[in-house]
Each structure stands twice: as C-alpha cells, then as structure tokens.
Amino acid sequence: MEFIRQAKLFASTEGAFIEQELFESGAGIEATATSPDEVQNRSYPNSFGRHQGSGGYEYVTALELDQHGQRIGEEAVALLTAPQCPSGVRTLILDASQTALQIHESCGHPTELDRVFGMEAAYAGTSFMTPEKLNHLQYGSPKVTITADALTPTGLGTFGWDDEGVPAQRTFLIKNGLFVGYLTSRETASVLGQASNGTMRADGWNRIPLIRMTNVNLEPGDSSLEQMVAETRDGVYMETNRSWSIDDKRLNFQFGTQLAYEIIDGKRGRMLKNATYAGITPEFWNSCDAVAGRPEWRVWGLANCGKGQPPQVAHVAHGAAPARFQHVKVGILK
Amino acid sequence: MKSMEVVRLTDEAELKTFTRGLLERSPAQQTEVMVTEWDSALTRFANNGIHQNVAERNVSVRVRVVKDGKTGVASINQLNETAAADVLKRAVAIADLQPRSEVVPMPGPATAQPVEAWSDATAGATPEERADFVENVCAKAGRVGLKAFGAFSTSAGQFAIANSLGVYHHHRSTQATVNSVVMGEAGSGYADRGAIDVRELDKNELSDEVIDKAQRNQNAQPVDPGIYEVVLEEYAVAEMLEFMSFMGFGALAVQEERSFMRLGEKITGDQVSVWDDGLDRTGIPSSFDFEGVPKQRVELITNGVASGLVYDMQTATRAGRQSTGHGLPAPNTDGPFAVNLFMKPGSAVKSDLVSDIKRGIWVTRFWYIRIVHPKASIITGMTREGTFLIENGKITRPVKDLRFTQSILEALKGTLALTASTKLQVSEYLGASRVPAVRLKAFDFTS
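Chains as they are written, first to last, in my numbering: chain A, 1 to 334; chain B, 1 to 447.
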C-alpha cells in the first residue's frame with residue numbers, strides 16, 4: 001500500500017497564487033511461484049507493486065484485494081506448467097492494464113514536445129512524432145482516439161493547475177487515428193505558435209518542471225472483451241504487464257505479460273506462459289480493430305515514469321479498456 | 001569573475017554527535033540511524049547549448065527502530081535536534097502499529113577498512129568548469145555540422161551510519177559523470193565518462209569519441225534480424241552485468257528460487273570471472289554498506305563457475321552465515337545488491353576484436369533493457385547510437401538499431417575474447433562496474 005499527501009504552492013509575477021493539496025492511495029497483491037526452471041508472478045490489480053489513483057482509502061477498499069488472493073495464487077502455480085506462448089503472427093487482445101502501458105510507452109512519451117525538440121536526447125531519447133507529421137501522420141486506425149485529460153477522476157495525472165500555473169485541461173493527441181496534438185509547456189508550445197496545454201510537472205520542490213503525461217487516455221470504443229474474443233478465430237489474449245521495452249524514438253517495442261490464453265474459434269483456450277509481443281508503433285495502432293466500451297474502461301495509475309537529468313519520477317495515468325490488434329508478432333521467447 | 005561553488009557538508013564530528021544523541025534518546029531495544037548528505041550540481045545541454053543548470057544540497061536522516069519484535073522506519077531531510085526528535089518519535093509510533101514479524105538483525109561493531117573516494121577538485125567544481133567541458137563538445141560538434149546533447153554532473157557527499165549495538169561508520173565521496181549524444185541529420189553517437197576525480201574526465205577524449213561515432217553512424221541501413229557474432233563495447237557489457245546483479249547475484253534471489261545462479265556449476269565461458277569489491281579504488285568504492293557492515297570482496301563467477309553470492313543481514317541470518325556487506329537501506333524488500341562489480345579483463349586490443357569475424361554486429365550500447373525471464377537470465381533491449389555491421393574482419397557500415405532477446409548466460413558461454421583495457425561505468429541507478437569490451441560468438445537480434 002502507498003499513501004501520499006502533497007501540498008503544492010505556486011506563485012508567479014504574472015499574478016498566479018495557487019495552492020493545491022493532492023492525495024494518492026494505492027494497493028496491490030502479488031503471488032510468486034517457482035520450479036527448478038521457472039519463476040512466475042501474478043499480481044492484482046496491476047503490476048509495478050500496486051494500483052494507484054488520486055483519492056483516499058476508499059480507493060483501496062474498492063479494490064477488494066481479499067477477493068483475488070486465491071485466484072492469483074492458483075494462476076501463478078498453473079503458469080509453471082502451462083505451455084510456452086507459441087511464436088507466430090496472430091490476433092492479439094490486450095487487457096485494459098496492458099493497453100494502458102502500451103499507450104504510455106508508444107503514445108504518451110513520443111508526444112512530449114520537449115522530447116521532440118531534443119531536450120531529452122541524451123537520456124530518454126527523442127521521438128518519431130516530429131512536427132511535420134502533426135495533422136498528417138495516420139498514427140492509428142479510426143478506432144484510436146487518445147486524449148490528454150488532466151481532469152479525469154481518480155487519475156494520477158489529475159490536478160487543478162500544472163507547475164507553470166496553466167489550468168488543467170483535456171486535449172486531443174490522436175483523433176480517429178490522426179496525430180493532432182502534443183503534450184506541451186509554455187516554452188515549447190510557443191515554438192509551434194500554440195499555448196501550453198498544461199503538462200509541466202516537477203517531482204518535488206528540488207526539481208524543475210518537465211513535460212509529463214497527465215492522464216493520457218484511449219477513449220472507449222464500442223466493443224467488449226467478450227465480443228472481441230468471440231470474433232477471433234486464431235489469437236492470444238494477454239493480461240498484466242511483466243516486461244516492457246521500447247527504443248529511444250518510441251517505435252520498436254516488445255512487451256511481456258504475466259498471463260495469456262490462446263483464443264481458438266472464438267473461445268478462450270489453454271493458459272500460456274512467458275507471453276510476449278512486439279511491433280512498430282504506427283503499424284501496431286493502425287492494426288487496432290476494436291476497443292471495448294465504457295463499462296470496461298478504467299483509469300490505470302503509473303507511479304514510476306522516469307525522465308530527466310537529474311532523474312525525476314512522475315505519477316501519471318491512462319484510461320484504457322481491452323483492445324484488439326491484428327497481425328501482431330507474438331511469442332518472441334521461444 | 002568565477003562563481004564560488006565550494007561544497008558545504010556538515011562536519012563529521014557534528015554528525016557523530018547527532019547520531020549518538022539520537023541513539024541515546026531512543027526508547028527502542030535497538031535503533032539505527034543513517035545520515036546521507038549530498039551537494040550536487042548538473043549542467044545539461046541540448047542542440048549545442050546549455051539549457052539547464054541545477055544544484056542541490058540536501059540531507060536524509062533515516063531511523064530504524066526495533067521495539068518488542070516490531071520494526072519501524074521513518075526519515076526526514078533536516079539535521080537538527082527538533083528533526084531528530086520528530087523522526088525518532090515517528091519511527092517508534094510506526095513500530096508500535098506493526099504486527100510482530102521477522103526482525104532484520106542489526107550488526108555489531110566491526111572495523112571497516114578505510115577507502116579513499118574523495119577529490120577536492122570534484123567537490124570544488126564550478127559551473128564554469130562544467131560549462132567549459134560542455135563548450136568543448138558543443139563547439140566541436142557544431143564545427144562539423146552536428147548537434148551535441150548531454151549532461152555533466154559533479155557531486156560530493158557523506159554517509160554515516162550508527163546503531164545502538166555500537167556501530168559507527170563514516171564515508172565521504174565525490175563523483176563526476178558526463179554523458180553525451182551527438183546527432184547528425186541521419187544518425188548519432190554516444191560517449192560517457194565517470195570518475196571520483198573530475199580531472200580524470202578528458203573533454204577532448206570524450207568529444208573526439210562521440211563525434212567520431214556520430215560521423216560513422218550516419219545513414220544506417222537495416223540488417224536482417226538473426227543470430228550474429230558480436231562485439232560489445234564496455235557501455236553494453238556494463239549494462240549486461242548490472243542486470244545480472246539485479247536478477248541473480250543477491251542471496252535473496254537464490255533463497256526465493258528466482259536466480260540464475262547455480263553455485264558450483266559452470267554457467268558461462270571459462271574466460272568469464274566477475275566479482276564485487278567495494279574496496280577497490282578503480283571502481284567507486286565504499287567501505288561499508290547501508291546496514292553498517294564492512295564490505296567484503298565476493299567472487300561471483302570464477303572462470304565460468306558460479307562461485308558466490310552477496311548477502312545482507314537478513315539473508316545471511318537465514319543462511320547461518322555472515323553478511324558480506326551488501327545491504328540496502330531499510331525497509332528493503334529487494335535483498336542484498338552487488339554494486340561494485342568487476343569483470344576480469346583479457347588480453348585483446350579493442351580494435352582487434354573484429355579481426356576474425358566474418359559477419360557480425362558491433363554494439364556501442366544498449367537501451368531500455370528489461371528482464372524477460374530471470375531464471376534463464378533472458379533480457380530484451382535495443383541497441384542505440386552506434387550499431388555497425390562487421391564483414392570479413394572490418395566494420396563496413398552502420399546498421400539500424402536492433403532489438404535483442406537474449407539469455408546473458410548463453411551469450412557469455414560463447415565468450416571468445418575480452419580486452420586488456422577496462423572502463424569504469426557509473427550506474428544510472430546505484431554503484432558502478434569496471435569492465436572490458438567483449439567478443440561473443442552468438443547474440444540473438446529478434447527485430
């Protein structure tokens with residue numbers, strides 16, 4: 001469990017005097033099973049130690065951790081003897097938490113405008129989403145709309161004003177698949193002739209603000225996990241992140257999940273272990289043919305986003321629902 | 001006029017008085033106090049110009065108490081009597097609220113071998129000195145139509161730990177690190193340096209290396225993924241070694257059956273020997289750990305055989321042996337950690353590593369490594385800022401960055417050569433390693 005209360009005061013010679021008090025609560029459980037050749041983890045509700053959001057203890061009780069301990073324990077043990085996720089190009093269905101991390105790595109980071117301008121080149125890297133692609137790049141399929149929304153309830157990227165005194169707001173990064181916006185600051189937005197959309201945050205009193213994700217959300221679609229599975233002839237369903245890696249321009253990624261199931265002729269089949277998938281960002285998002293709707297959409301907190309020299313850790317979030325992608329390379333680990 | 005930037009740290013005598021006073025007033029059966037104080041500055045540059053100059057002086061006082069079989073830990077970033085009373089009160093209150101559980105024992109007093117890790121030149125480094133270094137790489141890059149990016153940091157700090165069993169240790173250290181990426185229109189290069197003494201960082205040497213790499217790494221073309229013979233520069237070797245430490249060199253990973261280390265078994269090629277030595281001044285030394293235990297040298301892999309693990313107080317107690325001095329600050333669920341790593345050099349000259357390779361890949365550095373399967377030591381990551389094709393004994397052209405998914409142990413089983421020279425790599429996270437460049441028989445690039 002983790003609980004944070006942050007008091008923040010911002011004043012500027014432009015007349016701002018802003019006091020904010022921000023609360024975070026989070027909790028999670030994890031089970032580990034080992035055999036001579038395997039180590040398998042299952043966690044609930046998310047990986048990275050816990051599920052965290054802006055709110056109080058009610059956020060923890062709503063997780064009903066006690067209802068999930070036995071299940072994740074049994075799943076961890078079952079994974080030890082589950083077959084390896086086979087290699088191939090398949091239909092891939094991601095649970096909402098893994099979709100959230102996919103958004104984070106392949107849309108959140110490359111739309112940070114300071115990164116685009118090279119401010120992070122020697123550390124976190126640059127971005128393939130360069131300014132000439134703005135309003136031209138078909139980043140994803142028409143099913144893909146991604147917003148930066150600092151007003152999302154329970155989001156770790158939810159606040160009243162950013163650390164330059166700019167009010168929290170909701171803006172589009174990707175609209176029906178088209179790349180239409182960046183995460184900006186006052187300085188970087190002006191280069192593009194824009195006003196800041198309020199994403200500057202420092203991780204404490206002793207760090208300068210950087211452009212950080214707020215709540216970068218994949219807007220809900222009109223499908224459901226059940227429907228996506230039923231429509232899939234040959235695929236893999238993957239759930240809960242286990243490993244994540246992406247290149248310095250945010251194009252070439254590879255993710256692994258704790259749990260996977262094969263999908264054959266519209267039905268969930270065998271449990272698979274050590275599942276991985278890989279791809280190139282625009283190809284992947286353009287292959288998205290279904291996003292689940294509002295009932296399965298949830299805000300996932302990420303409290304470990306690193307950037308900057310000296311390093312800073314930001315707490316950000318992603319609204320996401322299960323999503324389906326076609327022709328994805330799965331089973332990298334043979 | 002030069003600005004004054006003289007490091008300001010609390011006198012050691014004052015620190016000792018502070019820790020003793022805090023221990024004396026503690027109502028707990030056992031108490032530990034750890035004080036970390038640092039004074040650091042960083043100059044960051046991009047697009048051939050400085051865009052950030054930041055400096056920080058800060059202190060952390062962390063108190064661990066054991067009371068009636070319960071443990072409490074609290075910290076504060078002030079070093080005065082009021083702060084001491086407050087942090088002690090909170091640590092005791094936290095302990096009182098805990099259930100009884102396994103108590104991590106505190107060590108008794110033992111002599112720690114002093115080791116020098118201080119440089120007055122680093123402690124007194126000024127913004128102008130950092131800017132002068134940065135100007136060198138930016139100006140040289142600019143003259144050949146390239147852009148330089150990076151950060152240059154200098155820091156000084158001290159660390160003291162004391163406990164109610166009579167332990168008191170004090171260590172002070174400095175560190176200077178610089179990294180740079182130089183970019184052209186169609187590619188980039190990388191170099192970094194780290195040292196205790198800032199005067200060991202040679203601005204011309206770093207500039208020449210990163211600019212040469214950037215110039216050679218323009219207009220890279222793709223190469224088919226697959227298994228290649230590789231040359232890994234020291235940057236890449238150090239990252240690989242660091243991930244071995246994350247995954248398996250600590251005793252907790254073995255006790256929890258998630259480590260790749262099988263003691264007594266051959267796990268890599270004969271040429272590979274790896275050890276941890278916190279007292280070797282060619283690394284970034286420290287004479288004791290974060291539990292106040294003097295550091296011991298630990299042989300981890302000896303001629304390819306898994307030969308040892310690092311221990312902290314908890315894992316050592318469970319194993320019925322002594323801690324090797326690799327504990328992290330409480331509360332710690334990650335177990336002991338090898339942070340002063342060394343890989344035994346070989347006899348090769350770096351430029352000769354390619355001479356017998358018919359077709360292979362030269363890797364400058366890795367990026368965004370993550371663990372895929374800890375027990376099999378499988379990691380994934382990308383190459384970055386200098387990936388080249390080797391053909392018939394020569395580097396022939398730059399290639400697009402590649403993703404690898406590879407077992408480290410399997411890769412090291414095919415160790416063909418190591419350089420005689422080694423390089424100190426200061427970790428992004430904790431500690432440092434000194435490693436050679438290596439030539440490996442097979443490395444799996446998966447996309």
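The hints are simulated quantities; they were obtained by calculation from the structure and are not laboratory data.
It cannot be assumed that every hint is accurate.
Footprint (simulated), chain B over chain A, 3 or more residues, beta carbon under 8 Å [what the hints assert, rightly or not]:
id: 1; region: 19 to 27
id: 2; region: 121 to 133
id: 3; region: 270 to 279
id: 4; region: 326 to 333
Sample of chain B residues at the chain A side, in silico, Cβ under 7 Å [said to hold, decoys possible]:
id: 5; residue: Gly150
id: 6; residue: Val223
id: 7; residue: Glu257
id: 8; residue: Ser273
id: 9; residue: Trp275
id: 10; residue: Tyr368
id: 11; residue: Val372
id: 12; residue: Lys400
Straight line, CA to CA, 25 Å or less: simulated PhoX-like cross-link-like pairs of lysine-lysine [to be verified]:
id: 13; chain 1: A; residue 1: Lys334; chain 2: B; residue 2: Lys400
id: 14; chain 1: B; residue 1: Lys394; chain 2: A; residue 2: Lys334
id: 15; chain 1: B; residue 1: Lys400; chain 2: A; residue 2: Lys133
id: 16; chain 1: B; residue 1: Lys350; chain 2: A; residue 2: Lys334
id: 17; chain 1: A; residue 1: Lys329; chain 2: B; residue 2: Lys375
id: 18; chain 1: A; residue 1: Lys329; chain 2: B; residue 2: Lys413
Keep in mind that this is a model prediction, so the values were computed, not measured.
Backbone N, C-alpha and C fix where the C-beta goes; we use that ideal spot for every residue, glycine too.
Now for the hints, and whether the structure bears them out:
Coverage of a stretch by a chain is defined here by at least three residues with a beta carbon nearer than 8 Å to that chain's beta carbons; for the region 19 to 27 of chain A and chain B the count is 0, and the condition is violated. For the region 121 to 133 of chain A, the stated coverage by chain B is satisfied: 4 residues place a CB nearer than 8 Å to a CB of that chain, which reaches the threshold of 3. Evaluation of the coverage hint for the region 270 to 279 of chain A: fulfilled, as 3 residues show C-beta separations to chain B shorter than 8 Å, against a requirement of three. Under a criterion of three residues with beta carbons nearer than 8 Å to beta carbons of chain B, the stated coverage of the region 326 to 333 of chain A is upheld, 3 such residues being counted.
Interface restraint check: B:Gly150 against chain A, minimum CB-CB distance 4 Å, threshold 7 Å, status holds. With a cut of 7 Å, the hint placing B:Val223 at the interface with chain A is violated, because the nearest CB-to-CB distance is about 14 Å. For the restraint placing B:Glu257 at the interface with chain A, the shortest Cβ-Cβ distance is roughly 4 Å, inside the 7 Å limit, so the hint holds. Hint on B:Ser273 is violated. Least Cβ distance to chain A is approximately 26 Å, over the 7 Å limit.
About 25 Å separates the beta-carbon of B:Trp275 from the nearest beta-carbon of chain A, more than 7 Å, and the hint is not met. At a threshold of 7 Å, the smallest CB-CB gap from B:Tyr368 to chain A is about 5 Å, leaving the interface hint in force. With 7 Å as the threshold, the beta carbon of B:Val372 comes within range of chain A, its nearest partner Cβ sitting at about 5 Å, so the hint holds. For B:Lys400, the suggested interface contact is broken, since its CB lies about 9 Å from the closest CB of chain A, more than 7 Å.
Between the alpha carbons of A:Lys334 and B:Lys400 the distance comes to roughly 24 Å, so the proposed pair stays at or under 25 Å and holds. For a cut-off of 25 Å, the pair hint linking B:Lys394 to A:Lys334 is broken: about 32 Å separates their Cα positions. In summary, the hint linking B:Lys400 to A:Lys133 is supported, as the alpha carbons are separated by about 21 Å, within the 25 Å threshold. Under the criterion of a C-alpha separation no larger than 25 Å, the hint pairing B:Lys350 with A:Lys334 is inconsistent with the structure, at around 33 Å.
Annotation: proposed proximity of A:Lys329 to B:Lys375 holds, straight-line Cα distance about 24 Å (limit 25 Å). In summary, the hint linking A:Lys329 to B:Lys413 is not supported, as the alpha carbons are separated by about 29 Å, beyond the 25 Å threshold.
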